[in-house]
Amino acid sequence: MKPFTYSRATSVADAAKTAAAMQGARFIAGGTNLLDLMKLQIETPTHLIDVNHLGLDRIEPTPEGGLRIGALVRNTDLAADKTVRRDYGVLSRALLAGASGQLRNKATTAGNLLQRTRCPYFYDTNMPCNKRKPGSGCGAIGGISRSLAILGVSDACIAQHPSDMAVAMRLLDAQVETVGADGVARAIPIADFHTLPGDTPHIESALKNGEIITSVTLPKPIGGTHVYRKVRDRASYAFALVSVAAVFGKDGGGRFAFGGIGAKPWRTPAADAAASSGAKAVAEAALSGARTTYHNAFKKTLVERTLASLYRQKEARS
Amino acid sequence: MKFDTPATTNPIDKGRVVGVAQDRIDGPAKVTGSAPYAYERHDAAPNAVYGWIVGSAIAKGRIAAMDLRAAEAAPGVLGIVTHANAGKLGKGNYNTAPLLGGPAIMHYDQAVALVIADTFENARAAAKLVRIDYAPQDGKFDLNTELDNAVKPPDSGFGGAADTAVGDFEGAFAKAAVRIDQRYTTPDHSHAMMEPHATTAAWNGDKLTLWTANQMIAWSVGEVAKTLGIPKDNVRLVSPYIGGGFGAKLFLRADALLAALGAREVGRPVKVMIARNQIPNNTTHRPATVQRIRIGADKNGVIDAIGHEVWSGDLPGGGPETAAMQTRLLYGGANRLTAHRLATLDLPEGNAMRAPGEAVGLLALEIAMDELAEACGVDPVELRIRNDVQYDPEAGPQRPFSSRKLVECLRTGADRFGWSKRNPTPGKVRDGRWLVGMGVAAAFRNNMVGKSGARIGVDGTGKVIVETDMTDIGTGSYTIIGQTAAEMLGVSLDDVIVRLGDSRFPASAGSGGQWGANSSTAGVYAAAMALRAKLAEKAGYPADQAQFEDGLVKLGNQSQTLAALAGREGLWAQDSIEFGDLDKRYAQATFGAHFCEVGVDIDTAEVRIRRMGGAFAAGRILNPKSARSQVIGAMTMGAGAALMEALEVDTRFGLFINHDMAEYAVPVHADIPEQDVLFIDELDDKSSPMKAKGVGELGICGAGAAVANAVYNATGLRLRDYPLTIDKLLKAQMT
Ligand SMILES: Cc1cc2nc3c(=O)[nH]c(=O)nc-3n(C[C@H](O)[C@H](O)[C@H](O)COP(=O)(O)OP(=O)(O)OC[C@H]3O[C@@H](n4cnc5c(N)ncnc54)[C@H](O)[C@@H]3O)c2cc1C
Ligand code: SF4
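Here the protein sequences come in this chain order: A and B.
With the numbering used here, letter number 189 in the first sequence gets 189, and the count goes up by one each step, no holes.
Take any residue in the second sequence, note its place counting from 1, add 1000, and you have its number in the numbering used here.
Everything labelled a hint here was simulated from the structure, so no lab data went into it.
Beta carbons are placed, not taken as given, at the ideal position from N, Cα and C, and that holds for glycine.
Worth double-checking, as some hints may not be accurate.
Said to hold, decoys possible - Think about it this way: if two alpha-carbon atoms lie no more than 25 Å apart in a straight line, the pair counts; the simulated DSS-like pairs of lysine-lysine are:
id, chain 1, residue 1, chain 2, residue 2
1, A, Lys314, B, Lys1128
2, A, Lys133, B, Lys1428
3, A, Lys17, A, Lys208
4, B, Lys1128, A, Lys2
Claimed, not checked - Reference excerpt, derived from the structure (chain B facing chain A, CB under 8 Å, subset only):
id, residue
5, Ala1057
6, Lys1128
7, Lys1428
8, Arg1430
9, Asp1431
10, Arg1433
11, Asp1603
12, Thr1604
13, Glu1606
14, Glu1648
15, Glu1663
16, Ala1665
17, Ile1726
18, Thr1735
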């Protein structure tokens, strides 16, 4: 860990302004990802701006009938929230499938969205990694890539986005609300929030310099049956090999978002459109354009199987 | 005390304290945080500063240049140790690569520098400023491509001969009615014990003290002395509490050596912990294996030919994974062959991990037996019973087992588990989304014994004190040693004080190879016999007639208290147990039977263990409570080996790339359901006066194969390449 300075933001606008003004400044929320990466000097901020005391920890209804989730709401609290459990079950389930109880007590909404990849080469500073050190090459391509992405990848980077929460938010068409360094607020549709690696895998979101996340909003509840299925190498406390968030409607329709397979939380309109045609069709649509390695090719099969499992359970219920 | 004839009735047979389930006597200190571990010896070495290890960024080659200026100038830095200023270092007997590398580099993350600073954070930050130019060389990192270059390793170590052959294996195998010939593979494993390797070091003149996490005190004193080139008498090791080892801490490792060098460099105590993500590549691991097993049997499954060949790799000068060992002893058959071949690899060094040899040997052999059972149409439990042999099948009936209750374990275990409900046809049992199957495997682990000493005394208050350099690596040594002393001297366990893990105490067998419990308590037994004689003499009673009960020494209706006999200055005795050739005349081993029920998701191939159960025969079970803990922990480790554990080798860069606990998966609570453990009554009078054997490693032996066989029974998918992960199951399903 490199020495750094620390300050507590006094307001959202102050946080954004300070962040933009100080080169190398970063926000710190729960710290469960940032601090780990700092210890390994994968992240080397010179200044940390603590955003924990800005009152961004509330969950409240929106005038449109949706829900506004503060950027600093802890994953544990969000998963346990009554409204979330009733109206956005997929989100609660996705959260509870992630990390551990202790981590969820610290982890925040914004921090979870911005958590970085679990690519093992990203984590070893002796290895090439374009995301960690632009231009150094990609260690994972041609290396051990079993856990990595098959969709949205590039020749520069095949890292997966590891979040569970974000997959459910993608499914629910959430919007990420921010305030920029200029004090201007905006709402970014979650589909546009995470960026694909392309030639610049070190850039991971649409956030501008200094821009701070204040909340995430969910639209009106969509009803239906909410499921989140996470397939991993052990029963708990592991990142997804494949995860599927789904809402099945009474009309046979459905929508799907995927974790573990994409450079970002993955969703395609074509997969939703195939909902009534069953698991195979949904998988085929979702996996269009997939690029696999020797190690992670199984994820295509696993996506289809996970969907098949969801359909099987849905039928068993009805 | 020499132990060279079978034990007769002795005070341990009373079974008043020994053999009765006891809570750990060190438990309260551990749960209250007052048991000091190696990195927390503020009490013993105040003002210690912090060392951080810099590991090599390449797997093989040389350091061309090292620039320490930035690191030396960093805040708080007190000194840096490298090969350039460490002075001449010897190499210990038990490590393969030098623990401080440079200029030659032998493996990835081999220590090349220790940066010492006033705080942990400063040391870690400054370590990143050490600039090293490497001249890398090509290395050999892929066991599969080196198989043909593998050679027969020298006969040595714990393995005995590299190869054995009896009868005409090839001929008998060719003629057999039923033949199994398969290749099995197991990956590199990491010990993943809870406490990383850690040491606090301090010099007092030319005397060195190391508060360290180490399983084998006496070995390691010698290794420190040899490496530093100082007399053994100048080295003291203190290791009273150890947060798990599994073999990772059998040896002197970089934490201890570099703490010693660092403390010398800066002239004050230094502490060093090997960071979690350095452990897989800096320290030792269990090597990967490729195994070929051939079994020829008649149509009833009775084995006539059994062959087990094993390939593994290690650094030049390293040793093999002796995975064919159990095949020499477990099943009958007149024609036999075992062989070990060793390839040279430039990966980090391989060495012992819990049940070296058997743990991975049985992963393979016990699948092969399942395959044989199916090929013959014989129940897998029955097949193993048919091939039981009460003597060493290589040596013949003149070398019987000291005790062998494999058949009882299989029968009783099968009954308790409800084995009869198993459907022998794979893929037939459904429970909702789960395909359900059951598997069995035999458990086998050699019983080794080693010389072990202790000192035991009674003080003026009647408290009994035991001192030995035996270690407790979480296994429960404190308690069984206390039980032994209490039993021998007729006091309650509360009246015994046990002090362990200090090289000032008599040398013990240490903790390894599941020899520790039996050997070290036998050492305490020996010392206690000597103390009993002294006490009896002082009481004026004939030693062979004195009774030790209730804190009294009795003869008929006379009695005297231990406290009075010990007097104010106390009374002490010291002895050790030395083993004769009973382990040559008799084959000595521990046995068991593992049963497992799994569910495999019909769609996703996720495997979930539903139940594990087993029956085990390992001589006298000294403390049923901690023995059970050992067995369920080992079964858990076996489940990990079956389903998830693997160090992934990057064969381009020559390292284990998944080198942290996020990426190297071990089982979590949710993976492990009900575990039922039954110990079969057994006393082994040829093993030691305790009539006990080891039990700490038996539980991992075969556990993983029972899981794999259950997966087969559930799905009909026979995987021979561990671990049985989802990707492999899906692939098998599609071909
Ligand atoms: C062992 C382990 C296992 C895990 N398993 C899972 C899992 O299975 N599934 C899963 O989804 N996650 C998992 N996680 C990741 C965990 O969910 C994240 O670490 C956590 O959500 C991050 O939240 P945080 O508040 O601690 O973020 P921090 O570490 O504080 O911050 C993360 C990033 O977000 C930025 N940031 C924080 N707040 C704001 C803000 N308001 N505006 C702009 N930027 C901001 C920070 O600058 C930083 O770059 C695991 C983590 C660990 C350590
Ligand atoms: S996949 Fe991305 S994160 Fe992983 S090594 Fe390549 S560039 Fe780095």
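Hint-by-hint comparison with the structure:
no., hint, verdict
1, A:Lys314 x B:Lys1128, "53 Å, violated"
2, A:Lys133 x B:Lys1428, "52 Å, violated"
3, A:Lys17 x A:Lys208, "12 Å, holds"
4, B:Lys1128 x A:Lys2, "9 Å, holds"
5, Ala1057, "4 Å, holds"
6, Lys1128, "5 Å, holds"
7, Lys1428, "19 Å, violated"
8, Arg1430, "12 Å, violated"
9, Asp1431, "13 Å, violated"
10, Arg1433, "7 Å, holds"
11, Asp1603, "4 Å, holds"
12, Thr1604, "5 Å, holds"
13, Glu1606, "6 Å, holds"
14, Glu1648, "5 Å, holds"
15, Glu1663, "5 Å, holds"
16, Ala1665, "5 Å, holds"
17, Ile1726, "6 Å, holds"
18, Thr1735, "12 Å, violated"
In summary, the structure is inconsistent with hints 1, 2, 7, 8, 9, 18 from the numbered list given earlier, while agreeing with the others.
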